[in-house]
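**Q** In the numbering used here, the protein residues as written are 2 to 293.
Do not take every clue at face value.
Said to hold, decoys possible - Distance ranges between label pairs, derived from CB positions:
1. Ala97 x His76: 18 to 24 Å
2. Ala101 x Asp51: 41 to 47 Å
3. Gln146 x Ala178: 26 to 32 Å
4. Ala97 x Pro205: 20 to 26 Å
5. Asp13 x Pro204: 17 to 23 Å
6. Arg233 x His88: 17 to 23 Å
7. Thr157 x Arg137: 44 to 50 Å
8. Ala119 x Arg200: 39 to 45 Å
9. Pro204 x Glu53: 21 to 27 Å
10. Ala227 x Arg200: 27 to 33 Å
11. Thr157 x His88: 37 to 43 Å
12. Gly254 x Ala75: 40 to 46 Å
13. Asp181 x Asp271: 31 to 37 Å
14. Glu53 x Arg274: 34 to 40 Å
Since the hints were derived computationally from the structure, they do not count as laboratory data. Note that the Cβ used here is the ideal one computed from N, Cα and C, for glycine as well.
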Amino acid sequence: MPRSEIAARALDRMSEHLRMACAWPPAGIERAAAIGDYRFYIVEFSPAPDVEIYLQIWSEPGDPVLFEVSSGYAHGPTAAYLTPRMHDALMGRGFAPGDAQHNFRKRLPVEGRADEQALAREILAILSEVLGYDGRSALRFRLHQGSRTESTHGFTAMQPGDFLRLLHDWGVAADLANGDAPVIHANAAGVLFAAHFERPQPPPFTRFEVVVLASALRGPRPRAGALNRRLRLGRAIQRSAEEVLITLPLLIGGGVTAGNLQRQVQTWIDDLREVSEDRGREPAAPAGSTVH
């Protein structure tokens with residue numbers, strides 16, 4: 002089947018599928034309620050017996066989508082079908098091997114119908130121009146929506162990426178640091194702090210029951226006791242004669258809503274800003290953190 006005919010038959014349907022997979026509420030209360038939700042859309046076909054090729058779009062609110070093409074890892078017939086020429090063609094389109102399965106991956110912004118249609122065209126082009134799809138086997142589509150929150154729309158454990166999205170939605174600049182242990186470095190209009198994750202939960206997701214926020218006040222003779230009398234949430238700990246660490250443990254296990262988390266974090270940030278301004282110091286990231 003000519004490529005133009007494949008596109009003519011599949012483009013509109015695939016664009017609608019991608020709209021269902023990638024359209025999320027705009028920033029605000031509705032999107033905050035959707036954080037923790039995810040969708041994935043899979044297109045797959047079998048070009049030969051025992052060969053399964055798939056392309057997957059993974060979508061979460063406020064993030065670029067993750068576009069993956071299967072590598073055939075640990076499945077001999079599929080790995081043999083995907084030739085070095087196909088690998089080179091995928092990398093020429095911006096993909097790179099990643100994850101434990103060595104799938105080819107890249108991230109793309111999808112922010113409206115034009116992006117959804119462009120992504121549908123790219124999927125169809127990869128199918129026909131790179132992966133050898135010729136229309137003689139069926140294209141199969143799967144769309145799934147799930148959530149890492151409970152049915153009450155509350156979190157019982159927190160994935161670092163979800164906490165990062167919440168911070169962004171609350172207007173806090175933040176980045177996930179590189180390293181083995183997940184750490185977020187954040188800047189709330191000059192209040193610098195880090196978020197650490199404790200009490201890991203079992204797979205399938207990398208989730209934690211406790212998030213600990215930490216910021217440092219440095220300068221001559223800061224006193225933890227005096228600060229503790231002023232903090233509404235959290236605790237000040239004397240680390241040295243010239244540094245106090247101010248922490249806020251957020252207990253996620255047992256259930257907490259995004260709104261409750263926002264109130265706790267904002268109260269803590271406001272207190273940090275107030276005590277630091279009174280003392281003529283700026284809250285700083287704890288030692289070892291880099292915050293932009």
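**Q** What are the numbers of the hints the structure violates, in ascending order?
**A** Checked against the structure, the hints that fail are numbers 2, 5, 6, 12 and 14, while the rest are satisfied.
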